[in-house]
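Undergrad: Turn these sequences into a full structure, and let the hints steer you where they fit.
The chain contents come next:
Protein chains: 2
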Amino acid sequence: MRWREPPAIYLEDCGSPVERSSYLIQLPTADGGSYDVIHDASSPAAGDCCAQQSSARHNWEMNYQEAAIYLQEGENNDKFFTHPKNAKALAAYLFAHNHLFYLMELSTALLLLLLSLCEAPAVPMLRLGIFVHATLELFALMVVVFELSMKMRWLGFHTFIRHKRTMVKTCVLFVQFIEAIVVLVRQTSHVRITRALRCIFLVDCRYCGAVRRNLRQIFQSLPPFIDILLLLLFFMVIFAILGFYLFSPNHSDPYFSTLENSLVNLFVLLTTSNFPDVMMPSYARNPWSCVFFIVYLSIELYFIMNLLLAVVFDTFNDIEKRKFKSLLLHKRTAIQHAYRLLITKQRPSGISFKHFEGLLRFYKPRMCTRERYLTFKALNQSNTPLLSLKDFYNFYEVVGLKWKAKRNREHWFDDLPRTAFLIFKGINILVNSRVFQYTMYTVVAVNGIWILVETFMLQGGNFFSRNVPWSYIVFLTIYGVELLLKTTGLGPVEYLSSGWNLFDFSVTLFAFLGLMALAFNMEPFYFIVVLRPLQLLRLFKLKKRYRNVLDTMFELFPRMASLGLTLLIFYYCFAIVGMEFFAGVVYPNCCNTSTVADSYRWVNHTVGNKTVVEEGYYYLNNFDNILNSFVTLFELTVVNDWYIIMEGVTSQTTHWSRLYFMIFYIVTMVVMTIIVAFILEAFVFRMNYTRKNQDSEEDNGIVLEKEISKEEVVGIIELYKRSSAAPETSQLQKIVLQMDKYGQMSTMFLGRRSRTKSDLSMKMYEEEIQEWYEEHSRKEESQAPLQESASASTSSLKPLSLRQRSQTVI
Amino acid sequence: MRWREPPAIYLEDCGSPVERSSYLIQLPTADGGSYDVIHDASSPAAGDCCAQQSSARHNWEMNYQEAAIYLQEGENNDKFFTHPKNAKALAAYLFAHNHLFYLMELSTALLLLLLSLCEAPAVPMLRLGIFVHATLELFALMVVVFELSMKMRWLGFHTFIRHKRTMVKTCVLFVQFIEAIVVLVRQTSHVRITRALRCIFLVDCRYCGAVRRNLRQIFQSLPPFIDILLLLLFFMVIFAILGFYLFSPNHSDPYFSTLENSLVNLFVLLTTSNFPDVMMPSYARNPWSCVFFIVYLSIELYFIMNLLLAVVFDTFNDIEKRKFKSLLLHKRTAIQHAYRLLITKQRPSGISFKHFEGLLRFYKPRMCTRERYLTFKALNQSNTPLLSLKDFYNFYEVVGLKWKAKRNREHWFDDLPRTAFLIFKGINILVNSRVFQYTMYTVVAVNGIWILVETFMLQGGNFFSRNVPWSYIVFLTIYGVELLLKTTGLGPVEYLSSGWNLFDFSVTLFAFLGLMALAFNMEPFYFIVVLRPLQLLRLFKLKKRYRNVLDTMFELFPRMASLGLTLLIFYYCFAIVGMEFFAGVVYPNCCNTSTVADSYRWVNHTVGNKTVVEEGYYYLNNFDNILNSFVTLFELTVVNDWYIIMEGVTSQTTHWSRLYFMIFYIVTMVVMTIIVAFILEAFVFRMNYTRKNQDSEEDNGIVLEKEISKEEVVGIIELYKRSSAAPETSQLQKIVLQMDKYGQMSTMFLGRRSRTKSDLSMKMYEEEIQEWYEEHSRKEESQAPLQESASASTSSLKPLSLRQRSQTVI
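From first to last, the protein sequence lines are chains A and B.
The UniProt record's numbering numbers the first residue of the first sequence as 1 and each following residue consecutively.
The UniProt record's numbering numbers the first residue of the second sequence as 1 and each following residue consecutively.
Hints in this document: simulated from the structure, not taken from any laboratory.
Here the structure is a predicted model, which is why all the values come from computation and not from measurement.
You may find that some hints are simply not true.
Note that the list lumps identical chains together, so a pair holds whenever it fits in one copy or between two copies.
Below, in silico cross-link-like pairs of lysine-lysine (DSS-like), each with a Cα-Cα straight-line distance of 30 Å or less [stated by the list, open to error]:
id: 1; residue 1: Lys692; residue 2: Lys331
id: 2; residue 1: Lys323; residue 2: Lys543
id: 3; residue 1: Lys390; residue 2: Lys763
id: 4; residue 1: Lys331; residue 2: Lys88
id: 5; residue 1: Lys763; residue 2: Lys325
id: 6; residue 1: Lys757; residue 2: Lys321
id: 7; residue 1: Lys541; residue 2: Lys692
id: 8; residue 1: Lys321; residue 2: Lys544
id: 9; residue 1: Lys543; residue 2: Lys763
id: 10; residue 1: Lys425; residue 2: Lys544
id: 11; residue 1: Lys692; residue 2: Lys757
id: 12; residue 1: Lys323; residue 2: Lys763
id: 13; residue 1: Lys763; residue 2: Lys321
id: 14; residue 1: Lys692; residue 2: Lys321
TA: As C-alpha cells, then:
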C-alpha cells in the first residue's frame with residue numbers, strides 16, 4: 001500500500017472547482033440564476049493556471065468552508081435547509097457555531113434554571129432579593145435574545161419561522177420576558193408556572209443534543225404507549241366499578257366507600273404502594289375477596305404493565321434502527337455535498353490532497369499537518385493520487401482517529417542502560433504474571449473479608465477512634481507497592497491507559513487521602529475512609545461475563561447520563577409546578593384529618609422522666625424549595641408509599657391535587673419504561689454482537705495502520721512551502737529528522753479510536769446498509785430531474801445530485 | 001393436483017417391510033444379531049404376495065404400532081432411549097400411555113397436594129383425623145408405586161436407573177412412604193418439610209409437560225442470573241458497610257444501628273418496600289444523606305435489576321430458539337424412524353396409503369377414514385401414489401388439520417324458500433354492515449358512560465334496591481336483539497366460531513342471568529350484575545393494535561397458565577415450609593416489641609359511648625393454613641410492605657426466619673423475571689412476525705384445500721372391503737351418495753387448524769431451518785458408520801440412519 005510515485009501531483013492544484021460555494025454569489029442578475037452566471041464566468045479562467053491566483057484562492061477557501069459546514073451538518077444531524085445560504089448568513093453561522101457561543105448558550109440556560117434556587121420559595125441559604133434575581137433573569141433573557149437574533153441572521157426569516165423548536169423557544173422567551181418585567185415592576189412574584197418552561201432553553205443548547213434525541217425518542221414511543229395505557233386505565237375503571245359494588249357495603253373499608261376513592265385506590269394499587277392494606281378490611285370480612293385483588297394485580301401489574309414494556313421495547317428497537325439509517329444516509333448526503341465542492345473541473349474524479357487539506361483546515365483546525373496527511377492516506381483506498389467519492393464516504397469513520405508513530409521499542413525502559421533495563425524487565429514480567437495478579441486478587445478478597453469482620457465486630461461502638469487501625473496501613477501499603485510496581489513495570493502511560501488501572505489508582509489514592517484524614521483528624525473527610533470497600537470491585541475482573549457487563553456499562557454511560565438529564569428536566573418542570581401550588585402546605589402535625597396522619601405526626605411525649613419524640617418525618621417530603629422538591633419527586637419516582645405524600649398534600653389542598661401526582665407517576669412511568677427498554681436494547685444488541693463476532697475477540701477499538709515514506713513527507717513540506725504556509729511544516733520536518741537519525745526510509749503510524757455504537761450497528765446491519773444505500777440513490781435519481789427543472793426555473797441554489805452534476809460536466 | 005390414475009395402487013400392498021418392528025424379535029440366536037437373522041429369513045418370503053397373509057398382517061400391525069409410537073415420542077419430545085424395546089415392554093408402554101392412566105397419575109398427584117388442606121395446620125372446615133388423612137396418603141402413594149412399577153416394566157431396569165426425573169421421584173416416594181407410616185404409627189404429625197416435595201408427583205405428570213419445560217427453562221436461565229445477582233449482592237454489602245459507617249452515629253436511626261440491620265434494610269430497600277422511611281431519620285439530620293439512597297437505588301434498582309432482566313431476556317431468547325431447533329430435529333428423526341418401518345421392500349421409495357392408514361389407526365384411532373385419506377392426499381405433494389420421505393416430513397403439520405367438506409352455499413339459509421331467504425339475506429347484510437357495527441359500538445359506549453355516571457351518583461347509597469333499573473333492561477334488550485340478529489343473519493355455527501362473538505354471547509348471557517338474579521332477589525348471584533361493564537371490552541375491537549394485543553394474549557394464554565402453575569408449585573413448597581415453621585406465630589397484638597407493632601395491633605377503645613376498633617389487620621397475613629399461606633405468599637410476591645410480614649414473624653421467632661423471606665423473594669424474582677422475559681419475547685416475536693408478513697394479512701390459522709374425486713372414494717371403499725374392515729366405510733359411502741345426489745364428480749375439502757407458535761417460528765427461521773437440517777444430516781452421516789459397526793458387534797437394535805439403510809437395500 002505504498003505509493004512509489006513522487007508527490008508531484010500535489011503541485012498541480014489550482015483548477016477551478018466544479019461547483020462554487022454559494023457564498024460567492026453576490027452579483028444581482030436579471031436573467032437565469034445568479035449561480036449559473038458566475039459559473040459560466042469563471043469557466044474560461046480555468047485554463048490559465050495560477051493566473052488569477054489570489055481570487056481563485058479566495059474562491060477555494062470559500063468552497064473549503066462550505067464543504068466543512070456540510071460535513072459538520074452531517075455529523076450533527078442538522079437538516080440541510082438550515083444551511084447558511086450567503087456570505088452574510090455565513091458570518092452569523094460561524095459566529096453561532098463555536099464552543100464559546102455554545103458555552104454562552106449553556107451557561108445562560110443553566111443560570112436561568114439555577115435562578116429557581118433563589119426565587120420565591122428559595123433554598124434558605126441562597127435567598128436573593130426580588131430585584132436581584134429578576135434583574136439576573138432579565139439579563140439572561142437578553143442574552144437569549146441576542147443568541148436568537150444571531151440564529152435569525154444565519155437562518156433567514158423564512159427558515160427561522162419554519163423551524164419549530166426555535167419558534168417555541170421564541171414564544172417562551174417572549175412570555176418569560178414579559179413576566180420578568182412584571183415581577184420587576186410589581187416587586188413581588190406572582191404564580192409563575194411558566195418558569196417550568198425554562199428548561200426549553202437548556203434543551204435547545206448545542207451540547208444537549210443527546211437530550212433532544214431522547215425527548216424525540218420518548219415522543220415517538222408515545223402513541224403505542226398511550227394505547228396500552230388506555231387499556232390499563234380501562235381495566236382500572238371496570239375494576240373500580242366492580243370494587244365499589246363489592247366492597248362499599250362494608251363500612252369499615254374506607255378504600256372503596258365512593259367511586260372516586262375506589263378509582264384512586266386502584267390507581268395506587270397499580271403501583272402496589274398500598275397493597276396489603278387496601279385488601280385487608282375486605283379480606284378480614286370475607287377471605288375470598290382476595291380473589292378480586294389477585295386478579296386485578298395479575299392483569300394490570302403482571303400482564304399489562306409488562307405489555308407496556310414489550311410495546312415500548314419493540315417501538316424502541318424499531319426507532320433505533322430507523323434513526324441509525326436516517327443518520328447514515330444524512331451523513332452520506334453531506335459527504336456528497338462536500339465532495340462536489342472539492343473536485344476540480346480538470347480532475348472531476350476525485351479530491352487532491354491540497355483541497356482535502358484545505359477542507360480539514362476548516363473542519364478540524366486543531367489537527368496537525370501530519371494527521372491530515374495520514375487521514376488522507378487512510379481514506380485513499382485506491383492507489384491513485386485522488387480521493388474518489390467512494391473513498392470519501394468513509395470520512396467520518398477515519399477523521400476521528402488519533403494517529404501515533406508506531407514505536408519500535410516495546411517497553412518504555414528499552415533505551416535505558418543494561419542493568420536498569422534488566423531490573424525493569426523483571427518487574428514487567430512479574431507484573432504481567434498470573435501469579436502476581438492472583439496474589440493481588442487474594443489480597444483484595446482478604447481485605448474485603450477483613451473489612452466485613454471488622455465492621456461486624458464494631459457493633460455501634462466508637463469506631464472513629466483517633467488511632468489508625470494497623471490493618472488499614474498494611475493493606476494500603478500492599479496496594480501502594482502494587483501501584484508502584486505496575487507503574488514502573490508498564491510505564492506510567494501504558495499503566496493509566498487501562499480503565500481498570502485508572503480505577504485502582506484512584507481508589508488507592510482515595511484510601512491514602514482517607515489515611516491522611518484519619519491521621520490528622522480531619523472530620524469532614526471521614527467519608528473517604530468509607531470508600532475502602534470499593535477496592536473489592538476489582539474482583540469482578542475475574543469473570544468474563546462481568547467484564548462484558550462492566551464494559552457495556554461504561555459504553556452505555558454517556559447515553560445513561562443523557563437519559564438521567566432528561567429525567568431531571570422533567571423533574572424540573574414538575575418541581576416548579578409543585579412549588580407554585582404546594583409550597584409550605586405540609587408541616588409537622590399538618591394532616592390530622594387525613595388517613596395518613598400518623599406519618600406526619602411529630603409529638604413530644606414525656607414518659608416518666610424521659611422525653612420520647614415520635615416522628616413521622618413525612619413532613620420533610622415537601623415542595624418548600626427546589627432541592628426538597630427534587631428529593632420528593634425522587635421518592636414519588638420510586639413509588640413506594642407515594643400515596644402518603646399524595647394524601648398529605650391532598651388533605652391540605654383540594655382533591656384535584658391528586659391529578660398532579662398521578663400525572664407525574666404516568667410521566668415517570670414513560671421515562672422509566674424507556675430507560676428499561678434502552679438498557680434492554682443496548683445489552684441485547686451487545687450480546688448479539690458478541691455472539692456474532694465470537695472469533696474476532698480483540699476489543700481495543702478501531703485501529704488502522706499506515707506507512708509514510710520519507711519522500712512523501714518531503715513532498716508535503718515542498719507543497720506547504722510553495723503555498724507559503726511555512727509554520728505548519730515544523731512537525732513534518734521533525735519526522736524527517738527522526739527518520740534520518742534512525743536511518744529509516746519510512747515510519748509506521750497507528751490510528752486509534754474507541755468503538756462507538758454506530759460502528760457496532762454498521763457491522764450488525766452490514767447487509768441491510770447496502771440495500772439502504774441503493775434505495776437511497778434510486779430515490780435521489782428519481783428526484784433529480786425534478787430538482788433540475790426546479791433549479792432552472794426558479795434559480796434555487798439547491799445543489800444538484802452528484803450523479804447528474806458529473807454527467808453535465810464531463 | 002387431481003390424480004387421474006385409478007386407485008388400483010392401493011391393492012398391491014402386501015410386501016414385507018424393509019425394517020421389522022423390534023417387538024417381533026423373539027428368536028434367540030447364537031450368531032450375529034437377531035435382527036439380521038429375522039431380516040434374512042423373511043427376505044425370501046417377499047416374492048409370493050399374499051401367501052403368509054395372516055402372519056404378514058400381524059407383522060405389519062406391529063410395525064404400524066412401533067411407527068406410531070415413534071411419532072408420539074417425536075411429538076412429546078420423549079427421548080428415543082425410552083422407546084419400548086420388546087413385546088413385554090410394549091404392553092407396559094401401551095398401558096402407561098393412555099388418557100386413563102394419565103388421569104390417574106394427575107388425580108393421585110392432586111390428591112397428595114390437596115391433602116395439605118386437611119393435614120395438621122388445616123383449613124378449619126376441612127380438618128380430617130390423622131388416621132383418615134394418613135390412610136388417604138398411603139393409598140395415594142401406593143398408586144404412585146403402581147405407576148412407577150409400570151414405568152419400570154416399560155423402560156427396563158437399566159433405563160429406569162438412568163432416567164433422572166424418575167429416580168428423584170422414586171427417592172421422594174420412598175421418603176414419603178416411610179413418613180406416612182411413621183405418622184400412622186405415632187398417630188401424630190411430626191415436622192414434615194418433605195411434604196414440600198409432593199409437587200414432584202405433579203410435575204412428573206404427562207399433562208404437566210409445559211410445567212416441566214418451564215422449570216427446565218428457569219434452571220437454564222439460572223447461571224447468568226446468579227452472576228448478576230452476585231453483583232447485586234456485592235453492591236449491597238458495600239453499601240451496607242458504607243451505610244453503617246455513615247448513619248450508625250445517629251442514634252435516632254434504627255435502620256443502620258448494626259451491620260446486620262444495615263444489610264437487611266438495604267435488602268428491603270432493593271424492593272423499595274421501606275423506601276422513604278429508611279431514609280427519613282438520616283435525611284432529617286442531614287439533607288445531603290439522601291445522596292446515599294439515591295445512588296444506591298439508581299445503581300441497584302434502576303441499573304442492575306434491569307440488567308438482570310436484560311440478561312435473562314437474552315438467555316431466554318437464545319434458549320427458545322435452541323429449544324425450537326432441537327424439537328424440530330427430534331421430530332424429524334422420529335419421522336425418519338417411522339418412515340423406515342412403513343416402507344416395503346418392493347417399493348422402498350415411499351409409503352402406500354394402506355400402510356399410512358395402518359399407522360394412523362394406531363396414531364390417531366379417533367380419526368375417520370375420510371380424514372385419513374385426506375391427510376394422505378395433503379401430505380402427498382408429488383403426483384405419485386407413494387408418500388416419499390420428503391412428503392412425510394410434513395406429517396406433524398398436516399395431521400392436526402380438521403377436515404370439512406367445502407360448502408357450495410355461502411349462507412346457512414341458502415336452501416330456504418325465496419321469501420325467507422330474502423329476509424335472512426337482508427339481516428345478513430345488515431349485520432355485516434359498518435353502520436350496524438358502529439351503532440353497536442356507540443350503544444356500548446353510551447352504556448359504559450351510563451354505568452359510570454349511575455355508579456358515581458350512588459355514592460354509597462342502598463344501591464341493591466330490589467327493583468331492576470330500567471336502563472339495565474333497555475341495554476340488555478338492545479344486546480339481546482343484536483345477538484338474535486347476528487345469530488340469524490350469520491347462522492349459529494358461524495356466529496359462534498368467532499372468539500369475539502363468543503365473548504359477546506357469554507357477557508350478554510351473564511347480564512341476563514344477573515337480571516334474573518335481581519328480579520328474583522337471589523343474593524348469592526348479585527356479583528353477576530357487577531360484570532356488566534365487561535361489555536365495554538368490545539370497544540377495543542375498534543383499533544388494530546388492540547386486536548393484535550388481545551389476539552396475542554389469547555395465543556399466550558396456555559403458556560401463561562403453565563407459568564402460573566409453575567409459580568403455584570413454588571408457592572406450594574414455600575407454603576409447606578412456612579406452615580411447618582410459622583403456623584400460629586402471628587396473632588392480634590403479637591409483636592409489641594418489634595418496630596412494626598402498629599400493623600399487628602387490635603384495640604377496642606371506648607371513646608365516649610362509641611366503641612372504636614383500631615385494627616392493624618396484618619395478623620391476617622399468617623401461615624395458619626395452606627390457603628392463608630398462599631395469600632401471604634402472594635403478598636410477599638407483590639413485595640410492597642413485605643417487611644412488615646417478615647418483621648412480624650421474625651419478632652416472634654428467631655432472626656434466621658428472615659432467610660425464608662429473603663430466599664422467597666429471590667425465587668419469585670427469578671420466576672417473575674422469567675415471566676416478564678417471556679411476555680417480552682412473545683410480543684416482540686409476534687410483532688416482528690407481523691412486520692415481516694404485512695402483505696399476507698389473513699390470520700385465520702392454517703388452511704389447506706384438497707379435492708377428492710368419486711373414483712378415489714370408490715377405490716378406497718373397495719380397498720377397505722377387501723381387507724374386511726367393512727364398518728369403517730359407511731361414512732365414505734355417504735360421501736358417494738351425496739356426490740350422486742348433487743351430480744358432482746368431486747368434492748372439495750377444507751383442512752383447518754389454528755396457528756401455533758411453532759408455525760410462526762417455522763416461518764421466522766425459514767432460512768436457518770434449512771441449515772439446521774443440513775447440519776443435522778451431515779452429523780448423522782458422520783455418526784452412521786460408527787453406529788453400524790456398533791450394531792454389528794453388539795447386535796444393538798438401534799435403527800440405522802435412513803440414508804444408509806436405503807443404500808444397503810437397493
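Undergrad: Are any of the numbered hints broken by this structure? If so, which, sorted upward?
TA: none
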